[in-house]
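As they're listed, the protein sequences go chains A and B. Quick note: our numbering has the first sequence finishing at residue 353, numbered continuously throughout. Quick note: our numbering has the second sequence finishing at residue 555, numbered continuously throughout.
You may find that some hints are simply not true.
Claimed, not checked - Reference excerpt, derived from the structure (chain A facing chain B, CB under 10 Å, subset only):
#1 Cys91
#2 Ile98
#3 Arg100
#4 Met105
#5 Val117
#6 Ala125
#7 Ser131
#8 Asp153
#9 Glu157
#10 Thr172
Stated by the list, open to error - Which chain B residues stay away from chain A? Per the calculated CB distances, all over 10 Å, these:
#11 Val38
#12 Ala128
#13 Tyr258
#14 Leu336
#15 Leu360
#16 Val486
Simulated from the structure, these hints should not be mistaken for lab results. Every value quoted in this text rests on a predicted model; they were computed, and no experiment measured them. Built from N, CA and C at the ideal position, the CB exists for glycine as well.
Here are the chains, one letter per residue:
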Amino acid sequence: MNCTPPVVEIHNLTKRYGEFTALEDLSLSVHRGQILGFIGPNGAGKTTTIKILVGQAKPTSGTARIAGADCARESRKIKRLVGYMPDGFGAYDNMRVREYLDFFAAAFGLSRQQRKLRIDEVLETAGARYMQDRYVESLSHGMQQRVGIARTLLHDPEVLIFDEPANGLDPQARIEMRELLLQLAASGKTLIVTSHILPELSRICDQVAIVTHGKLRAFGPLDQIMRQVSQRRTIEVQLTSGEAAAAASRILSEQLSEGEPVTASPAEAALRFETGRSDDELSDLLTALVQAGVRVAQFRELQSDLEDAFLSVIRSDTAAEPADPSTPSAATR
Amino acid sequence: MTPIIHRELITILRTRKAFALQVAITLFFTLLVVLRWPSDARVELSGANSQQVFRLFAYGLLAAVTLLVPIFPATTIVMERRRGTLALLLNSPLKPWAIYAGKLAGVFAFAVLLLALSLPAASACYAMGGVSLTHQLVILYGLLLVVTLQYATLAMWVSSLTNSADAAVRVTYGCVLGLSVVSLAPFFFLQGGEGSAARVAEWLRCLSPIPAVMQIVGHGDVGMLDAGPGAPLASRFLLLAGLTTLAFAGLTIYRLQSNLLDRARSSGAITDDQTTGVRAARRVIFLVDPRRRTGHMGNWTNPVMVKEFRSRRFGRSHWMLRLVGGCAIVSLLLAFSVTTGGVQWEMETMAGPLVLLQAALMVVFIPSLAAGLVSHEQESGTWPLLRSTPLSPGVIVRGKLLSVAWPMLLMLSATLPGYAVMMYIQPTLWLQVVRALLSLALAGLLALMLSATVGSWFRRTATATTAAYIAVMLVFVGTMLVWLARDAPFGHRTVETVLTGNAMAAALAVFNVPGFQTYQLTPSSWYFTAGTIAVLAIVLRFRVWRLTRPD
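The whole structure should be built from the sequences, with the hints applied where relevant.
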């Protein structure tokens, strides 16, 4: 449990555009040095939340504070506290990377001498020093993301907000991006990261918030979210040969209820089933298989990841959701 | 080819821009006829009244074609390339000529539709009597169709060469102005002379449709141009327009190959990393080397202004030096022509081309620089970044306006040597020079504020640039249409009132340039222009303030 006061505090945040409700009653908080993974399908309200946090949109009701500053009323203060990297890079034509960073550093009021040093530092941190003389519009997507991160660091903000930083990156660049984000969090920055590439988030996030249809569906540490959404476990039984798959399947089906169907894959020599049973009950199942002469190589629970959690929330949300997306149903949490 | 024509035409017709153009043209020509339709029942047998209306109609139509036709073809290829759909087209079995022909037919069909919208007004002119159907109306429309085709092919060629839609629009407008107005300049100086230079100038002016239209409407007395019935101006224009159209088409089809997309990313070469010899050579060639590593912005400079200079292709110092040098040379050449007796003019008459040169520079350059000041930020996705900085709307507006005002001031200053020569020869002219320069400075500021304010209401730079060009042209060229029809159908008072809004006309009137001697435009023009600039400044400031506010 983090005892320090939260850096980012959102209370009952609601944003309406006419009849359409983009955000409804969203509340969450993030502590210093934490990474919040902010996930949700397209149109869920992620960008609206981010725009409110960076002072580019006003909430209809509720409050959002960063380091004590009200995002709606103290937008000038917020600009100095937050480093924001939107989904699109935002390149100026005919400008080299160093000139590009020089402009933004000057816009944040850094003196000429400070800028010279700071640009070197952020280029180094973002691993973008080698591209300082390149034209920004000619950079590859991965390079642009690095320059974008360097830009957000120029004024040394407390909170960094990255909208889809790993979008469109190749696997190597994604690994490097992940390491860079962890490095920033380790240096004391608070990060809010949205992403569609969920495995990326699961590897770096301390907290996860899942939003759909403008409502917060799940929020908390990653393992807590998993427990919250994964009440049923997927068990895989690996056999030594596929020939025994049919017999093993029959034994398991006799032990399990109708709501726990077994899927047999003789080609893989494996059986899978979803169940809500306890570890003791699963132990009894394994014993029954062994006693029946089935040669079991492995009996294990498949690890559910953030993607499963996300899909689980989305599925439950879709099932409960009325036809009109502007009127979301009660939260599943 | 057919699917491309279909798609081009449908895409154009679906845009709000196309709808606005159609409505504007219909309203303009309807208004013209309604205003000039005879109010009494008497028949005017000489046809003089209808000829006057026809002249105005013809010039209005030519101005509309010049301003509106380049809009769509100028962006058609460059937009396809930026969206990535050109690669899809080039990968299809369609040949480059078929793609080109389809696109040209689509934009040409829309231009023909715009021309067709003026037909009811043309019929009304004809119904008034005194206008020949075969010798005037049909020839005028035929000529305008050729102009349309020529400008459409020119715009598409430019579109195939440029990398952004707004650059395509401004280069196209620059070329169109070059073809239609600058091509008249050599004849202006050499008319009545003999020798090959005079003959070349005589042919060169036929690149412009203006003399041909003047001949068709029987208007042989506009400024210095003698467009009387003697020279076969229309046929010469048709010949030259045909040749240039073929050349533009051929060049564009040649460009429409797969290698159009085969461009390496810039490696970011920098002169500072080169050998001493290379550095020295580049220093001599460029004076200010565009590839050197630039220093950090000063502590007290407006960062937005410096950013605008740096992110603008022609904003870099070496281009500014070239531009200023070019302006200075032209103004000195003009002065030299007069002082050596090469052109038999009075000193005041020489001021006319100088004023026109400065006004042309402002009309061509200022909208291209100022129109996209806000819209380009929105289109390129940099506006959210600018909003996330602590820069106030005032600093943003000031920086952006200064980034255009400085080049404008340099352009105006570069033409001062011509005035200096005039004042050296005839010192009594100093007061007129000062008054004219004040008018021109106000004209420049008006062009700047008008372009920036009009452009700030659009999200796309190409649209903003087009709208700014149209607005600026309406002020500086549109009002001159009324001047062209001075005495009839417009009276002296009407013309003077309209010209009050045109600071360039005020500068011409200060020097008593032929055609402007009878108009007293200063100081009323200064007050009107300054007031308009103040209003536009408030509107722009509000617009930027609004854009920086939370949604």
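Evaluated hints:
For A/Cys91, the shortest C-beta to C-beta distance to chain B is roughly 9 Å, which falls under 10 Å, so the interface hint holds. Hint on A/Ile98 holds. Least Cβ distance to chain B is approximately 9 Å, under the 10 Å limit. Restraint check, A/Arg100 versus chain B: the minimum CB separation of about 6 Å is within 10 Å; hint holds. Using the Cβ-Cβ criterion of 10 Å, the hint placing A/Met105 at the interface with chain B is satisfied: the shortest such distance is roughly 9 Å.
Because the smallest distance between the Cβ of A/Val117 and any Cβ of chain B comes to about 8 Å, under 10 Å, the interface hint for this residue holds. Taken as an interface hint, A/Ala125 checks out: its beta carbon lies about 8 Å from the nearest beta carbon of chain B, inside 10 Å. Below 10 Å, beta-carbon pairs count as interface contacts, and A/Ser131 has one with chain B at about 5 Å; its hint therefore holds. The interface hint given for A/Asp153 is met, as the beta carbon of that residue sits about 4 Å from the closest beta carbon of chain B, less than 10 Å.
A least Cβ separation of about 9 Å between A/Glu157 and chain B falls short of the 10 Å threshold, and the interface hint therefore holds. Taken as an interface hint, A/Thr172 checks out: its beta carbon lies about 9 Å from the nearest beta carbon of chain B, inside 10 Å. Every beta carbon of chain A lies more than 10 Å from that of B/Val38, the smallest distance being close to 41 Å; the non-interface claim holds. Against the 10 Å criterion, B/Ala128 stays outside the reach of chain A, whose nearest CB is about 46 Å from its own CB.
Every Cβ of chain A is farther than 10 Å from the Cβ of B/Tyr258; the closest lies at roughly 25 Å, confirming the non-interface assignment. Listed as outside the interface, B/Leu336 is consistent with that label: its C-beta sits roughly 31 Å from the nearest C-beta of chain A, beyond the 10 Å cut-off. Distance check on B/Leu360: its Cβ is at least 31 Å (rounded) from any Cβ of chain A, clearing the 10 Å threshold; non-interface status holds. The non-interface label for B/Val486 is consistent with chain A: the shortest C-beta to C-beta separation is roughly 39 Å, beyond 10 Å.
The structure is consistent with each of the numbered hints, conforming to all of them.
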